[in-house]
Amino acid sequence: LGRLASDFTRKRLDGRSVGLELDIQTRDRYGRLLAYVWFANGTLFNALILREGYAQILTIPPDVKYVELFVACQREARENNRGLWTR
1 LGRLASDFTR KRLDGRSVGL ELDIQTRDRY GRLLAYVWFA NGTLFNALIL REGYAQILTI
61 PPDVKYVELF VACQREAREN NRGLWTR
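Quick note, the sequence shown lines up with residues 1 to 87 if you use the UniProt record's numbering.
Calculated from the structure, these hints are not laboratory results. Each hint can be trusted.
With beta-carbon atoms standing in for the labels, derived distance ranges:
hint: 1; residue 1: 59; residue 2: 31; range: 16 to 22 Å
hint: 2; residue 1: 87; residue 2: 31; range: 34 to 40 Å
hint: 3; residue 1: 19; residue 2: 87; range: 34 to 40 Å
hint: 4; residue 1: 29; residue 2: 87; range: 30 to 36 Å
hint: 5; residue 1: 65; residue 2: 31; range: 18 to 24 Å
hint: 6; residue 1: 33; residue 2: 5; range: 15 to 21 Å
hint: 7; residue 1: 27; residue 2: 86; range: 30 to 36 Å
hint: 8; residue 1: 29; residue 2: 57; range: 15 to 21 Å
hint: 9; residue 1: 10; residue 2: 82; range: 17 to 23 Å
hint: 10; residue 1: 23; residue 2: 87; range: 31 to 37 Å
hint: 11; residue 1: 23; residue 2: 76; range: 18 to 24 Å
These numbers were taken from a predicted model, which means no experiment stands behind them. All residues carry an ideal CB built from backbone N, CA and C; glycine is no exception.
Input sequences plus hints: build the corresponding full structure.
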């Protein structure tokens, strides 16, 4: 599934301009940028990848701005047997 998730991400992000929205913490303990990724049309990539079942929620307080949306997207993927939720 990791390769499928990487392919999904590459197809949607490669060569495209996106906006990054930061929450409370900007980096994790490993120095990685923590950001919400927005397309110009207003689509939140973080929600899209969850909705398609290519990711699982990992929300760590205090960065919980979209947690309710993310829970709903993951539930939709699970209920529709998408991606990692395929039975």
